[in-house]
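Protein chains: 2
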Amino acid sequence: MPSSPIRKLVPFAEAAKKKGIKVYHLNIGQPDIETPPAMFDAIRHADIKVLEYSHSAGNESYRVKLKEYYKTVGIDVDPGQIMITTGGSEAIIFAFMSCLNPGDEVIIPEPFYANYNGFAVMAGIKVVPITSGIETGFALPPIEEFEQVITPRTKGIVICNPNNPTGYLYSSAEMEHLRTICLRHDLYLFSDEAYREFCYGGTHLSAMQLEGMEQHVVLMDTISKRYSACGARIGALVTKNKALYDTAMKFAQARLSPPGLAQIMAEAAVDLPGDYFDKPKAEYQARRDLLVQRLNAMPDVYCPNPGGAFYAIARLPIDDSDVFCQWLLESFSFEGQTVMLAPATGFYGTPGLGKHEVRLAYVLNLEAIGHAMDCLEAALKTYPGRI
Amino acid sequence: MPSSPIRKLVPFAEAAKKKGIKVYHLNIGQPDIETPPAMFDAIRHADIKVLEYSHSAGNESYRVKLKEYYKTVGIDVDPGQIMITTGGSEAIIFAFMSCLNPGDEVIIPEPFYANYNGFAVMAGIKVVPITSGIETGFALPPIEEFEQVITPRTKGIVICNPNNPTGYLYSSAEMEHLRTICLRHDLYLFSDEAYREFCYGGTHLSAMQLEGMEQHVVLMDTISKRYSACGARIGALVTKNKALYDTAMKFAQARLSPPGLAQIMAEAAVDLPGDYFDKPKAEYQARRDLLVQRLNAMPDVYCPNPGGAFYAIARLPIDDSDVFCQWLLESFSFEGQTVMLAPATGFYGTPGLGKHEVRLAYVLNLEAIGHAMDCLEAALKTYPGRI
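Chains as they are written, first to last, in the working numbering: chain A, 26 to 412; chain B, 26 to 412.
Quick caveat, the hints were computed from the structure, so don't treat them as lab data.
In this text, all values refer to a predicted model and were calculated from it rather than measured experimentally.
Any given hint could turn out to be false.
Given that identical chains are not distinguished, each listed pair holds provided it fits within a single copy or across any two copies.
Claimed, not checked - Only pairs whose alpha carbons sit at most 16 angstroms apart, straight line, appear in this in silico EDC-like list of lysine to aspartate or glutamate:
| no. | residue 1 | residue 2 |
| --- | --- | --- |
| 1 | Lys90 | Glu360 |
| 2 | Lys306 | Glu222 |
| 3 | Lys47 | Glu392 |
| 4 | Lys33 | Asp271 |
| 5 | Lys74 | Asp57 |
| 6 | Lys44 | Glu201 |
| 7 | Lys42 | Glu308 |
| 8 | Lys42 | Asp129 |
| 9 | Lys90 | Glu199 |
| 10 | Lys304 | Glu85 |
| 11 | Lys306 | Asp57 |
| 12 | Lys44 | Glu355 |
| 13 | Lys267 | Glu402 |
| 14 | Lys90 | Asp101 |
| 15 | Lys306 | Glu59 |
| 16 | Lys92 | Asp345 |
| 17 | Lys151 | Asp129 |
| 18 | Lys74 | Glu59 |
Could you build the full structure based on these sequences and the hints that come with them?
Following this line, the structure appears as structure tokens:
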């Protein structure tokens with residue numbers, strides 16, 4: 026089992042704080058946006074005598090509500106095609122375990138969400154990375170590159186759209202390419218759409234909207250980022266493939282049920298006003314604009330403009346992103362402050378890639394991002410491993 | 026992945042209810058005892074702006090509290106040896122995945138909690154059952170029977186104490202036997218102690234109290250039954266083995282965190298008055314007494330007196346417990362009522378065992394148990410497969 030590549034820097038951040046240095050956390054996707062108070066109110070007003078196991082697929086009332094929610098984002102599903110999971114994490118684990126046998130393979134465009142590696146180890150499957158580069162802004166690699174790595178053991182492709190860690194938003198044409206590959210080679214398309222609500226400019230096309238892919242697509246969803254409720258641990262596995270759903274239900278039944286109170290919160294969230302997302306989305310967009318502008322204004326730094334989510338990957342003039350990110354915490358400060366970033370090496374499956382790149386999560390307000398960029402700018406001037 | 030043996034009867038129960046028949050559910054371990062209101066109050070009064078990921082091992086404040094709780098039950102552990110999990114289920118999954126490689130084996134005295142099978146499939150490991158019989162009241166099989174099935178791939182023994190599904194409470198002598206086997210063959214002892222608080226008569230000896238077993242024991246715990254809070258999904262993996270804990274942390278980090286609000290509830294539960302358990306325990310004991318007395322008063326029925334938990338296994342004069350339990354729902358009623366039981370076949374790993382046994386969960390009040398026993402008594406008189 027691999028260690029979390031992001032968490033290994035935590036002791037250095039703690040040591041920096043002990044020295045009195047303020048650390049701006051751009052390293053993890055924990056948003057600072059307030060969780061809608063209506064979600065907490067729903068629990069406060071719930072009249073529960075016995076906090077029982079819920080249905081293993083989640084409360085039916087919530088799944089009925091989710092059908093409504095999915096309709097608003099152009100996805101047509103029935104409550105019986107929705108399974109509530111303990112966070113998006115469990116949806117991914119169930120999807121892998123239900124669709125693949127140990128030794129089977131999934132193709133994932135890299136850089137990718139590092140925990141896919143851990144979930145693959147849990148399911149005993151192999152992750153085969155194909156590289157998307159910063160030069161193209163992390164666009165989907167061409168079909169030929171997928172086909173070069175397809176083997177008899179390849180069972181699926183995993184995408185995260187919009188993407189963590191790159192922020193890339195796949196175009197309709199790219200989604201059609203994925204459709205072509207999956208239908209041609211009979212592959213599952215595992216689609217992690219945790220950041221669906223946060224797209225800036227482009228249009229989000231869900232894998233669930235791809236025609237003729239009903240038996241191939243598994244949507245892995247979560248309320249963590251949508252409503253800034255990461256700690257609730259409520260996600261969903263959604264699929265129109267009945268055999269797949271029935272298999273996933275066996276895993277769901279073994280673990281009995283998803284969290285009970287959090288389902289009540291999540292159900293209440295579906296009733297938030299239709300314009301609820303306008304504010305957080307505008308906030309994230311303003312942060313993205315500032316972050317990207319500041320990064321690209323630094324000498325020898327390049328950051329493609331991300332189309333969604335709240336992440337960006339930047340190329341820096343540094344020898345080694347792991348060394349640099351540790352150095353920022355251990356040996357650097359600017360006006361008593363520093364910034365914590367995620368080395369991009371942890372997001373690549375191919376060894377050696379990501380050494381000149383870092384991931385930045387714009388989960389802090391504009392002022393904090395400004396200060397964090399001041400720190401980074403100063404750091405790049407004095408970092409001994411600058412290239 | 027195996028299906029849940031208990032859930033397969035659910036459609037028949039639903040059909041019976043549609044026909045207007047009242048069904049007494051003695052088939053699942055969902056207690057009717059009220060969840061302590063103080064646990065809900067803790068959430069109502071919590072002032073949370075952003076429901077963030079908690080620490081992957083759970084909130085430190087809760088783990089500090091749990092140290093206190095464990096002290097009251099004679100278990101001496103530090104907060105750093107406690108990992109909060111999503112229900113006891115996740116503690117079992119993490120324990121298996123952290124201690125065993127795919128293909129490794131665990132020995133489990135049967136009948137055992139059926140979901141161990143599912144967790145074993147998830148971890149890619151093999152369950153090797155050894156039989157404990159109803160004649161001995163489901164006592165631990167002798168050491169020799171363990172040693173007969175130990176292979177180079179055997180890595181541990183799983184016990185549930187007091188036991189689900191038998192209600193058996195292991196004696197100090199039996200716990201010492203387990204200690205001997207584990208030390209002699211260098212095996213882990215995975216100890217599921219979900220029902221610790223509900224022991225009637227005997228004394229509960231935790232695996233954590235076995236001397237010299239610090240590196241061998243993994244405690245798999247949960248608040249589900251303790252505080253009648255099954256839907257909270259809060260459990261714990263507890264071990265003094267640091268390497269094991271560190272490995273389990275990698276799995277914990279991959280899934281980010283256990284449920285947030287439920288941890289607040291669980292933390293409040295530790296502050297319940299010291300006599301909190303007196304009432305539910307007395308209630309369960311009265312139910313057990315009634316259930317066992319009624320069962321043993323029926324001709325050709327035998328039910329050993331369970332020492333703990335809220336389950337009993339009874340031997341009935343029937344040809345096939347799966348057929349009988351389905352017949353109870355599909356073809357029988359007594360004064361417009363019937364009873365739902367769990368066929369014991371689902372709890373045995375050895376094919377063919379449990380055909381004459383059922384599990385009864387005494388999670389209903391005395392009056393309901395009385396009616397349920399009336400139904401069972403009448404059913405045994407008319408069941409066509411009576412032997």
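> Among the hints numbered above, which are violated by the structure, and what are their numbers in rising order?
Replying inline: 1, 6, 7, 8, 9, 10, 13, 16
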